[in-house]
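The UniProt record's numbering numbers the first residue of the first sequence as 1 and each following residue consecutively.
Simulated from the structure, these hints should not be mistaken for laboratory data. Only a predicted model underlies this, so the values are computations on that prediction, with no experimental measurement involved. The beta-carbon is built from N, C-alpha and C at its ideal position, and this holds for glycine as well. One should not assume that every hint holds.
Claimed, not checked - Straight line, CA to CA, 20 Å or less: simulated SDA-like cross-link-like pairs of lysine to any residue: (1) 426 - 400; (2) 98 - 118; (3) 201 - 368; (4) 378 - 467; (5) 378 - 194; (6) 380 - 426; (7) 423 - 399; (8) 380 - 274; (9) 201 - 337; (10) 380 - 196.
What the hints assert, rightly or not - Restraint-style ranges between C-beta atoms, simulated for each label pair: (11) 14 - 339: 48 to 56 Å; (12) 99 - 282: 26 to 34 Å; (13) 336 - 374: 13 to 21 Å; (14) 93 - 353: 43 to 51 Å; (15) 426 - 477: 22 to 30 Å; (16) 53 - 484: 26 to 34 Å; (17) 169 - 426: 38 to 46 Å; (18) 477 - 175: 49 to 57 Å; (19) 248 - 426: 35 to 43 Å; (20) 241 - 193: 36 to 44 Å; (21) 336 - 274: 27 to 35 Å; (22) 50 - 496: 51 to 59 Å.
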Amino acid sequence: MLLIDLARTSAAVAADSARLAKVRHLAELLGRVGPDEAEIAIAYLSGELPQRQLGIGWAGLRDLPDPRLAATATLHQVDGLLSRIRAQSGPGSQNARKALVTELFAALTGPEQTFLSRLIRGELRQGALDGVMIEAVAKASGAPTAEVRRALTLRGWLPAVGAAALGGGVEALRAFRLEVGRPVAPMLAQSAPSVTAALEKLGGPAALEWKLDGVRIQVHRSGDEVSVFTRTLDDITAQVPEVAEAVRALPSRDLVLDGEVIALRPDGRPEPFQVTSGRVASRADVAGARRTSPLSVFFFDALRVDGADLLDLPGEERHAALARTLPPELVTPRLVTGDAASGEAFFAEVVRGGHEGVVVKALQSPYAAGRRGAGWIKVKPRHTLDLVVLAAEWGSGRREGRLSNLHLGARDPAGGGFVMLGKTFKGLTDELLAWQTERFLALAEGPADDWTVVVRPELVVEIAFDGVQRSSRYPGGMALRFARVIRYRPDKTADQADTVETVRALMP
DNA sequence: TTCCGACAGTGGGGTCGCAAT
DNA sequence: ATTGCGACCCCACTATCGGAA
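Please construct the entire structure, taking both the sequences and the accompanying hints into account.
Next comes the structure, spelled out in structure tokens:
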């Protein structure tokens, strides 16, 4: 099969807004693809690369060669070159990668270049990723969607699952099982504004667990072999030796556990997220890093214990197995209650302890791997500030032509100006985007660069955020975490906005 | 007919490793 | 030594479609 076939299908998928039409386009192509090309086609059309990462990004795709006229590149040819790009390492590798990118793109037509560069940047923008591709695989293979989903849960890589379905139908899908050593897509949580709201949503008693501000891990143990995976299924075993040691010390030798790793201070309060993040990312001198910032591990779910797969069991049964298998200090603290008042009290206590919040879990729900299932609901406290818009950046994609990303500043009574604390594009409706674009252009003091418009600091906007963190990027040495717009405050002028002192008081 | 679950898109700050300068 | 880039850690929110109610 040729790359142009995929590029054409992708364009057709993008052109139809209806999901069912997207599925039809994708399934039609899957019906034509050969068995040895199915993985590549499914990967590309769901926005992924079989190589996962190439070492090429936005900058590596600047200055592409002119397209050619005849489309001749096959999927195998493209995939082979991408593998060669990925394989480059050591001094000179960056230049070698660029040379290979040039060679690859010089062999492509315009539409192919557009498709492939979007794919490599991770911005396919065709309105279809895994979710739609699952439906397409089901349609093309004749297997029920639920079977495809379940196989994906256990295998964690849709192209492999899709290829199996196209080749062997339902039978092939049923052959996928939970395998110790191969990570499963972790279950995710929805969110709610309060414990009361979360309990209401679940409609009965639930388990409230500490939400630790660390890094999600999935740990597999088979005998003395222990592997630790992140949420995106990357192997971080070497960076977090504390985890393997803790799990190896358990009596059970066959385990798949779900939990969180976090750096705690000697007094038990959490370090800022940056500390945990740094520990998980750093590969050099793990022993030294461990002495400075030791990691603690807490588990909250068990997917397999001693030969038994637990994924389909109710949450409370899985937790019972967890509690039987682990010592209490390795289990995430929790409270089971249906009472909103005691739930709120528990939440307040957790937050006082410096933690992120709680996760409210239905007692009955199975482990819905890879989905934002309704069974888990996270609750976090929310801060708000009234800040001043200092500038705005032009948006992209569906926000093209709209001023989108806001630069936010707090009032600085000492300096008489404003101190930038970060940016946000979240919480804006289409209506608000249109309004603010017009308003900002009226307040414009001129462009700072091609994509940023500096405005007179007059508009006050109410911003919600999760906390304040240390920053080396911004002049005040602080930045807001997860800032989002609540509403504009036309009733306030800039000299009534919150000050940097107010923000500084929120620093941990 | 209306409601709501699931998905995709639109980007945010911080950290590390590594190649290029 | 510094800088720029890529990859990944954390992530919130809105619009839309289509099945559920």
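Task: Pair hint outcome, residue 380 versus residue 426 [Cα-Cα no greater than 20 Å] - done: Given pair residue 380, residue 426 holds - Cα atoms ~17 Å apart, limit 20 Å.
Task: 20 Å limit on alpha-carbon distance, applied to hinted pair residue 378 and residue 194 - done: holds, 9 Å
Task: 27 to 35 Å as the expected CB spacing between residue 274 and residue 336, which holds or is violated - done: holds, 33 Å
Task: Verdict for residue 477, residue 175 (Cβ pair) under range 49 to 57 Å - done: holds, 55 Å
Open item on the list: For a C-alpha distance cap of 20 Å, please report whether residue 201 and residue 337 respect it.
Closed with: holds, 14 Å
Task: residue 378 paired with residue 467 [C-alpha distance capped at 20 Å] - done: Within the cut-off at roughly 16 Å; holds.
Open item on the list: Just to be sure I understand the hint, the distance between the Cβ atoms of residue 14 and residue 339 should be within 48 to 56 Å; is that true here?
Closed with: Between residue 14 and residue 339, where Cβ atoms are some 50 Å apart, the hint holds.
Open item on the list: Is 22 to 30 Å respected by the C-beta to C-beta distance linking residue 426 and residue 477?
Closed with: Hint holds: Cβ distance 23 Å, inside 22 to 30 Å.
Task: residue 282 and residue 99 - C-beta distance against the hinted 26 to 34 Å - done: holds, 31 Å
Task: Range hint compliance [Cβ, residue 241 to residue 193, 36 to 44 Å] - done: holds, 39 Å
Task: Distance restraint evaluation - residue 53, residue 484, Cβ atoms, bounds 26 to 34 Å - done: holds, 29 Å
Task: Distance restraint between residue 201 and residue 368, which requires alpha-carbon spacing of 20 Å or less - done: holds, 17 Å
Checked against the numbered hints above, the structure violates none of them.
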